[in-house]
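Enquirer: For reference, the chains in residue letters:
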Amino acid sequence: MSEQSKRLAVMAAALVAIALGFHALTGSFLTAENLSNLVQQTAVVGIVASGMALIIVARQIDLAVGSLLGAVGVLMAWLQYTQGWSVPASLAAGLGFALAIGLFQGALSAIVGLPSFVVTLGGLVSLRGAAFLIADGKTQPISEPWLLALGGGMDGALGERGSWIVGVALVALCVGWQVVQRRAQSRAGLEARAMSREALQAVLTAVAVLGAVAVFNAYRIEGQEQGQGLPLPLLVWGVVVLGLSFVAKHTRFGRYVYAIGGNPEAARLAGIPVRRVLIQLNLLLAALVALAAVVAMARLNAGTNSMGTGMELTVIAAAVIGGVSLSGGSGSVAGTVLGALIIQSIDSGLLLTDVSIGWRMVVLGQVLVAAVVFDRVVHK
Amino acid sequence: MTALLEVRDARKSFGGVHAVDGVSLSLALGEVLAVLGHNGAGKSTLMQMIAGAHPFDGGELLLSGQPVKFASPADSRAAGIETIHQKLALADNLDSVANLFLGRELRTRLGLLDDAAMRAAAVPLFARLNPNFKNTADPVMSLSGGQRQVVAIARALQFKARVLIMDEPCAALGPAETAMVHDLIRRLSAEGVGILLVTHDMPDVFALSHRLAVMKNGRLVGVCRTADVNEDEVLAMIIAGKAPAAVSA
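Chains as they are written, first to last, in our numbering: chain A, 2 to 381; chain B, 116 to 364.
Treat the hints with caution; some may be incorrect.
[Unchecked claim] The list that follows gives simulated cross-link-like pairs (lysine to aspartate or glutamate, DMTMM-like), each with its CA atoms no further than 20 Å apart:
(1) B/K249 to A/E192
(2) B/K249 to B/D316
(3) A/K250 to A/E34
(4) B/K249 to B/E283
(5) A/K7 to B/D210
(6) B/K357 to B/D347
(7) B/K184 to B/E283
(8) B/K275 to B/E146
(9) B/K249 to A/E266
(10) B/K184 to B/D136
(11) A/K7 to A/E199
(12) B/K275 to B/D207
(13) A/K7 to A/D355
(14) A/K250 to B/D253
(15) B/K202 to B/E292
(16) B/K184 to B/D253
(17) A/K7 to B/D253
(18) A/K250 to B/D210
(19) B/K202 to B/E283
(20) A/K250 to B/E220
(21) A/K250 to B/D207
(22) B/K184 to B/D172
(23) B/K357 to B/E146
(24) B/K202 to A/E266
(25) A/K250 to A/E199
(26) B/K202 to B/E121
(27) B/K357 to B/E346
[Stated by the list, open to error] What follows is a set of in silico ranges between Cβ atoms, one per label pair, in the way DEER data are often shown:
(28) B/H133 to A/A90: 20 to 26 Å
(29) A/E4 to B/K357: 52 to 58 Å
(30) A/E199 to B/F129: 31 to 37 Å
(31) A/F105 to B/T223: 33 to 39 Å
(32) A/I112 to B/A355: 21 to 27 Å
(33) B/P318 to A/E4: 35 to 41 Å
(34) B/P246 to A/K7: 26 to 32 Å
(35) B/S139 to A/R183: 53 to 59 Å
(36) B/G137 to A/F105: 28 to 34 Å
(37) A/S3 to B/F129: 39 to 45 Å
(38) A/E199 to B/T223: 37 to 43 Å
(39) A/F375 to B/Q181: 53 to 59 Å
(40) A/L115 to B/H133: 26 to 32 Å
I should point out that these hints are in silico values taken from the structure, not numbers from a laboratory.
Glycine included, every Cβ here is placed at the ideal spot set by N, Cα and C.
All chains, full assembly: derive it from the sequences and hints.
Expert: Printed below as a string of C-alpha cells:
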C-alpha cells in the first residue's frame, strides 16, 4: 500500500469514527436526512478544496478564493436580477471574470515572481471590496428553477431512478478503467495485479457507490412520493473530484504540478514550462471557484457580498486535513473530500449536540493542528 | 574532423562579474573531457550555458559544426545534450520512472500519460545499470545516492544523448557506486558519447578523461592530454593558473 493510500485509509477511518461518535451522542447523525444535508453543506468548500490541493502541491497558495467566490456570485446574480441578463450569459460572465482574476494573480506570481501568498492576500481584500461594489452591497435574489436546483434542497436531487442510473454508470466507469489499465499493463509486458485484488477493488467500489445511492434514496421528504436520491451539489462535487483526480494522475499537466512541487529547479531543468503550468493551475482554480459560486448562490437563492467570507481558511484546512503538505509536492485530490467532510462533520455534529459557536471554532482550529501533528508523527 | 561540440569565445557575466570570460573548448566523439577548477572558476556556469540553462552573453556554441542557440534546457536536450546536475535535479516526490521521463513523458494516443509503457522501458534500463535497483516505484527521496545517480544517468541512455555533461557525478557516492559510475562513463564513451566531466576529484580525472581543461576566474588556463601531465602539474594549473610547458592544446 502506498503512503498516499495509507493516509487516505486513516482519514476515512477518522471520518467514520467521528460520525459514529456523534451518532452515539445525538442519535440522529447517521440518518439519511443528516447525511444528505451534510454533503450539500460540504460541496461548495469541497469543490474549491480539490483545486486548492493542486495549488498547494505546486508550492503555491490562494487566499483569495473566498472573496473571489463572493465577487463572482454577486456578479452573476446581479447580472440576472438587476441587469436582466439571461442565466447562461451571466454564468459565462462570472466565469470570465474569475478566469481574468486567475490569470492576473497567476501571472503576478509565476512571471513577475511575487509570492502567491502576497498576491492572493491582496486579492482577499480587494475582491471582497469588489463583491460589495458590484451590487452596492445589496442582496441579489435569483429565480431560475434549474439554477436553484444546483443548490440542492427539495427539488435539487436526482430522485431514486436517476440516482441508481448514475450509481451504476459510475461503477461501470470505474471497473472499465480498471480493465483499460490492465490491458495497457499487459500490452507493455508488465506483470499485472492478481485477479483477486482487481475483483476486490471492483466489489468495494460497487458497494461504496451503490451503498451511498441507497442512503440518499432512503431520504424522503414529507409529502414527496419518492426518495430524494443524490443531491445535485454532491453530483457537481463528485464530477469535479473525479475529473481532477484523473488530471492529476494521468496527464502531463498533473505530473508537472507534482514535479514542480517536489523540486521546482529540477522541473525547470527537465524542460517543464513551469510558468505556464502555474498559470494554468491558477486558471483551473479560478474556474472551480466560479463553479462553486454557482452552487453557493443556488443554495442561498441569491448572491450576497458576504458569500464565501472566511472560506479560504476552511478550504485550506480541508486540503491539509486531507493530507496535502503545505511544503508542497505531496497530497491528493481525493484526500480533500475526506478533509472537507471531516471539518463539516465536526461542525454539524457539534451543532447537533448544542455546542456553542465559540466552542465549535475552538475545536475546529485544533482539529487542523492535530491533523498536521499526526502527519509529522507518521512521517518520522 | 569536425568536433562533436565546440564552444567559441563563450562569455557570461552576472551583474558585472565575468563568470565565463572568453572560453573556447572542443569535444570529440567518444571523448571524456575533464573540466577542472576551483569553486567559482566558472565551470558550472559554462556547463549550464551549454545545457541551455543560461543564455550566452557572447560567443557561440556549435554542435557537429552547426551553430546552435538554446533558449531553454528543453532545447538543449532536444539537440541531444543531456546534463547530470550536481544536485541530480530529481523531483524527490516522484518515483524513478517518472523522473526518468520527466519533461518527456510517453503518452497514449489520447494524450494521457502512458505509465505502463514508461515503466516497461525504465525497469530493464535501471536493472542494466544496477542489478540491485528494484524499488523503482518508490519516491526517489527514499533511494540511495547511487540509485539516484542511476536514475540521472539512465536519462542519458534512454534518450540517446550525444553529449553528456556530468557535474561531480561521484561526489557523495561510496566506493562500489563510484566504480559503477566509472564503468558507465567508459561504456558511454565507447559508444561514442562525448562527455564533459566536471570534477574536483583527481582519481576521477586520471581514471576517466582523455583530455582535461582547467579554468580559473572565468578564463581557460589550458587544455592538455591527460596522459601528458601528472597530478602536481594539474594542481599547479588549478591553483596558480599557470599552464605547464608540456601543455599545447
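Enquirer: So, for every hint listed, does it hold in this structure?
Expert: Verification of the supplied hints:
1. Taking the CA atoms of B/K249 and A/E192, the gap is about 14 Å. The hint holds against a cut of 20 Å.
2. The suggested pairing of B/K249 with B/D316 is violated, with an alpha-carbon distance near 30 Å, which exceeds 20 Å.
3. In summary, the hint linking A/K250 to A/E34 is not supported, as the alpha carbons are separated by about 34 Å, beyond the 20 Å threshold.
4. Of the supplied pair hints, the one linking B/K249 and B/E283 is violated, its CA atoms being roughly 25 Å apart against a limit of 20 Å.
5. Between A/K7 and B/D210, the direct Cα distance comes to roughly 17 Å. Compliance with the 20 Å bound is thereby established for this hinted pair.
6. Between B/K357 and B/D347 the CA atoms are separated by roughly 12 Å; this keeps the pair inside 20 Å, and the hint holds.
7. The straight-line distance between the Cα atoms of B/K184 and B/E283 is roughly 25 Å, outside the 20 Å bound, and the hint therefore fails.
8. A distance of roughly 16 Å separates the Cα atoms of B/K275 and B/E146; the hinted pair therefore holds under the 20 Å criterion.
9. For the proposed pair B/K249 and A/E266, the alpha carbon gap of about 27 Å is over 20 Å, so the pair is violated.
10. As the CA atoms of B/K184 and B/D136 are separated by approximately 18 Å, the hinted pair is consistent with the 20 Å bound.
11. The straight-line distance between the Cα atoms of A/K7 and A/E199 is roughly 18 Å, inside the 20 Å bound, and the hint therefore holds.
12. Among the hinted pairs, B/K275 with B/D207 is inconsistent with the structure: their alpha-carbon atoms are about 24 Å apart, more than 20 Å.
13. A C-alpha spacing of about 34 Å is found between A/K7 and A/D355, which places the hinted pair above 20 Å, so the restraint is violated.
14. A distance of roughly 16 Å separates the Cα atoms of A/K250 and B/D253; the hinted pair therefore holds under the 20 Å criterion.
15. For the suggested pair B/K202 and B/E292, the alpha carbons sit about 16 Å apart, so the restraint of at most 20 Å is met.
16. Distance check on the hinted pair: B/K184 and B/D253 sit about 37 Å apart at the alpha-carbon level, beyond 20 Å; violated.
17. About 14 Å separates the Cα atoms of A/K7 and B/D253, which keeps this hinted pair within 20 Å; it holds.
18. About 13 Å separates the Cα atoms of A/K250 and B/D210, which keeps this hinted pair within 20 Å; it holds.
19. Distance check on the hinted pair: B/K202 and B/E283 sit about 9 Å apart at the alpha-carbon level, within 20 Å; holds.
20. Between the alpha carbons of A/K250 and B/E220 the distance comes to roughly 13 Å, so the proposed pair stays at or under 20 Å and holds.
21. A distance of roughly 17 Å separates the Cα atoms of A/K250 and B/D207; the hinted pair therefore holds under the 20 Å criterion.
22. With a C-alpha separation of about 11 Å, the suggested pair B/K184 and B/D172 falls inside the 20 Å cut-off, and the hint holds.
23. A threshold of 20 Å between alpha carbons decides the hint, and for B/K357 with B/E146 the separation of about 24 Å lies outside it, so the pair is violated.
24. Annotation: proposed proximity of B/K202 to A/E266 holds, straight-line Cα distance about 10 Å (limit 20 Å).
25. Taking the CA atoms of A/K250 and A/E199, the gap is near 19 Å; set against the 20 Å cutoff, the hint holds.
26. Under the criterion of a C-alpha separation no larger than 20 Å, the hint pairing B/K202 with B/E121 is inconsistent with the structure, at around 26 Å.
27. Distance check on the hinted pair: B/K357 and B/E346 sit about 14 Å apart at the alpha-carbon level, within 20 Å; holds.
28. Between B/H133 and A/A90, the C-beta spacing of about 60 Å breaks the proposed range 20 to 26 Å.
29. Take A/E4 and B/K357: their Cβ atoms lie about 55 Å apart, and the range 52 to 58 Å holds.
30. For A/E199 and B/F129, the hinted distance range of 31 to 37 Å is not satisfied, since their beta carbons lie about 56 Å from each other.
31. At roughly 35 Å, the beta carbons of A/F105 and B/T223 sit within the given window of 33 to 39 Å.
32. In this structure the supplied range 21 to 27 Å is violated for A/I112 paired with B/A355, their Cβ-Cβ distance being about 46 Å.
33. Between B/P318 and A/E4, the C-beta spacing of about 39 Å keeps the proposed range 35 to 41 Å intact.
34. Evaluation of the 26 to 32 Å hint for B/P246 and A/K7 yields a pass: the beta carbon distance comes to about 30 Å.
35. Hint check: B/S139 to A/R183, Cβ distance near 56 Å, so the stated range 53 to 59 Å holds.
36. Under the hint 28 to 34 Å, the C-beta atoms of B/G137 and A/F105, about 44 Å apart, miss the expected range.
37. Look at A/S3 against B/F129: about 43 Å separates their beta carbons, and that is inside 39 to 45 Å.
38. Taking 37 to 43 Å as the suggested C-beta distance range, the pair A/E199 and B/T223 does not conform, at roughly 20 Å.
39. The hinted range of 53 to 59 Å is satisfied by A/F375 and B/Q181, whose Cβ atoms lie roughly 58 Å apart.
40. Evaluation of the 26 to 32 Å hint for A/L115 and B/H133 yields a pass: the beta carbon distance comes to about 31 Å.
Checked against the numbered hints above, the structure breaks hints 2, 3, 4, 7, 9, 12, 13, 16, 23, 26, 28, 30, 32, 36, 38 and satisfies the rest.
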